[in-house]
Amino acid sequence: MSDTVRWSSPGVQQRRPEPRQQSGTDLADILERVLDKGIVIAGDIQVNLLDIELLTIKIRLVVASVDRAKEMGIDWWERDPTLSAGRGDLEQENARLRERVERLERALPDGAAGNGARPGRDGRRAAAGRTDPPDRDAPRRRNPRTAPRRPARDRSEG
Amino acid sequence: MASDLVYVYAVAEAPVPDLDGLTGIAGRPVHAITGDGAHWAAAGQVPGDEFGESALVSNLEDLTWLARTAREHHGVVDELGHRSVLVPLALATVYHHEDGVRAMLTDRADSFTGLFDRLRGRAEWGVKAFAGAPQPQARADRPSSGADYLRRRRAALSNAARDDDAASAAAEELHRVACDLAVAGRRHRLHAAELTGRPGTMVLNGAYLVEEADRDGWCAAIDAAITGSTLTVEVTGPWVPYSFAGDER
Chain A
0 MSDTVRWSSP GVQQRRPEPR QQSGTDLADI LERVLDKGIV IAGDIQVNLL DIELLTIKIR
60 LVVASVDRAK EMGIDWWERD PTLSAGRGDL EQENARLRER VERLERALPD GAAGNGARPG
120 RDGRRAAAGR TDPPDRDAPR RRNPRTAPRR PARDRSEG
Chain B
0 MASDLVYVYA VAEAPVPDLD GLTGIAGRPV HAITGDGAHW AAAGQVPGDE FGESALVSNL
60 EDLTWLARTA REHHGVVDEL GHRSVLVPLA LATVYHHEDG VRAMLTDRAD SFTGLFDRLR
120 GRAEWGVKAF AGAPQPQARA DRPSSGADYL RRRRAALSNA ARDDDAASAA AEELHRVACD
180 LAVAGRRHRL HAAELTGRPG TMVLNGAYLV EEADRDGWCA AIDAAITGST LTVEVTGPWV
240 PYSFAGDER
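If you read the protein sequences in the order shown, they are chains A and B.
Just so we're aligned: 68 in numbering that gives the first Met the number 0 is position 69 of the first sequence, and the numbers increase by one with no gaps anywhere.
Just so we're aligned: 186 in numbering that gives the first Met the number 0 is position 187 of the second sequence, and the numbers increase by one with no gaps anywhere.
Hints listed in this document are in silico derivations from the structure and should not be mistaken for laboratory results.
Treat each hint with caution, since some may be false.
[Unchecked claim] Part of the chain A face toward chain B, derived, beta carbon under 8 Å: (1) Ile29; (2) Val100; (3) Leu103; (4) Glu104.
[Claimed, not checked] Listed next, with one range per pair, are the computed distances between beta-carbon atoms: (5) A:Glu104 x B:Asn158: 57 to 63 Å; (6) A:Arg95 x B:Leu149: 26 to 32 Å; (7) A:Glu92 x B:Asp215: 20 to 26 Å; (8) A:Arg95 x B:Ala223: 44 to 50 Å; (9) A:Leu103 x B:Ala183: 51 to 57 Å; (10) A:Leu107 x B:Ala219: 55 to 61 Å; (11) A:Glu92 x B:Ser53: 21 to 27 Å; (12) B:Glu211 x A:Arg99: 57 to 63 Å; (13) A:Asn93 x B:Gly120: 53 to 59 Å; (14) B:Ser53 x A:Arg95: 42 to 48 Å; (15) B:Ala155 x A:Glu104: 49 to 55 Å; (16) A:Ala41 x B:Asp215: 57 to 63 Å.
For glycine and all other residues, C-beta sits at the position ideal for the given N, C-alpha and C.
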């Protein structure tokens, strides 16, 4: 079966069978087949592939990372996949977003900042309405830069 | 140092082809183990310290080891697929001695005969289809009111639902076309979008058992079906019929 071909749409009209290559995409296809398909015969060494939960998770990571594997060459999985999947970027983005949300919340009129904004739930806030100056009770707010996290009661209100 | 174990790649129909020069896992030669029937097992020695039970469990968690072993396993199966009608075994079917393999061949002779009849002259093709990536929202301005927000949210949800329905329908149709000229078709588990590394949602992960004689016709039918389709489709094949080698599972 060495004449395995691969083609895809869009651009299917330009289809040309590609010679089989040991690419990252092939690896995902191969893993899907040799682990999940094929006849299961109990040999003397009993390892149920489906019992190994971590294995499944990692296989999915392999499948997830085939495009990256192509870009990076064949050694990408030698690093911990959970660390190589742009986690640093995510943390940075998370911090940026958190800062932005807090900036936006400060700019919003009191009561419209998500928590406790529902009418009737909190009479004072509902009554305060949107006509209040945005920073009416700003001094009472915690400085988000010095507060490690928002107090739990803020969350439970919403 | 643990003693060598016997790794079985596939069970095939007699006669045994020339296996000279064919190597598998750990670069070990592949040889035939014949039972008393019309079947033989393609097997090779593997190091006991890699394939013993506890070593195997931890090795399977090692992606580098797993990737190499999977390729070596598939390499043997794929190469033998040219030479014999065969049933590929799942990765890591390991015996202590060749006697165990012979006993297995005898015990399962009838089931192998049935599988060979089903697979002879046929190959597996894979079709994966992905729905288009969701369109970015055209209106980036802020909702003017809560009602406006809810209206937009409802519209976005209903657009998404409509797109999903359309993609599902297109996948159904593609599967139907693929089954039409195939002996059998299976829909495998879909891979989650964040795991495929593609922008679109996978809507079809099909495997089709196609007669060699129908290969061109089947490919042409798939070509026609996916040309102009809203789905992004990837077709691979021919594969040794991994997906049709097991019991109906």
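These are the hints, each one checked on the structure:
The closest approach between the C-beta of isoleucine 29 of chain A and any C-beta of chain B is roughly 5 Å, which is under the 8 Å cut-off, so the hint is satisfied. Because the closest C-beta pair between valine 100 of chain A and chain B is about 15 Å apart, greater than 8 Å, the hint is violated. Hint status for leucine 103 of chain A: violated, given a least beta-carbon distance of 11 Å to chain B, over 8 Å. The criterion of a C-beta within 8 Å of any C-beta in chain B is not met by glutamate 104 of chain A, whose closest approach is roughly 15 Å, and the hint is violated.
Range check, glutamate 104 of chain A to asparagine 158 of chain B: Cβ separation about 29 Å, and the 57 to 63 Å hint is violated. Distance hint for arginine 95 of chain A and leucine 149 of chain B: a CB-CB separation of about 28 Å, consistent with the stated range 26 to 32 Å. At about 49 Å, the beta-carbon gap between glutamate 92 of chain A and aspartate 215 of chain B misses the expected band of 20 to 26 Å. Checked against the hint of 44 to 50 Å, the pair arginine 95 of chain A and alanine 223 of chain B passes, with Cβ atoms roughly 48 Å apart.
Checked against the hint of 51 to 57 Å, the pair leucine 103 of chain A and alanine 183 of chain B passes, with Cβ atoms roughly 56 Å apart. A hinted range of 55 to 61 Å for the beta carbons of leucine 107 of chain A and alanine 219 of chain B is consistent with their spacing of about 60 Å. A hinted range of 21 to 27 Å for the beta carbons of glutamate 92 of chain A and serine 53 of chain B is inconsistent with their spacing of about 41 Å. The given range of 57 to 63 Å is respected by glutamate 211 of chain B and arginine 99 of chain A, whose C-beta atoms sit roughly 59 Å from each other.
For asparagine 93 of chain A and glycine 120 of chain B, the hinted distance range of 53 to 59 Å is satisfied, since their beta carbons lie about 56 Å from each other. One distance hint, 42 to 48 Å for the beta-carbon pair serine 53 of chain B and arginine 95 of chain A, holds here, with the actual separation near 46 Å. The given range of 49 to 55 Å is broken by alanine 155 of chain B and glutamate 104 of chain A, whose C-beta atoms sit roughly 24 Å from each other. With their beta carbons about 40 Å apart, alanine 41 of chain A and aspartate 215 of chain B fall outside the hinted range of 57 to 63 Å.
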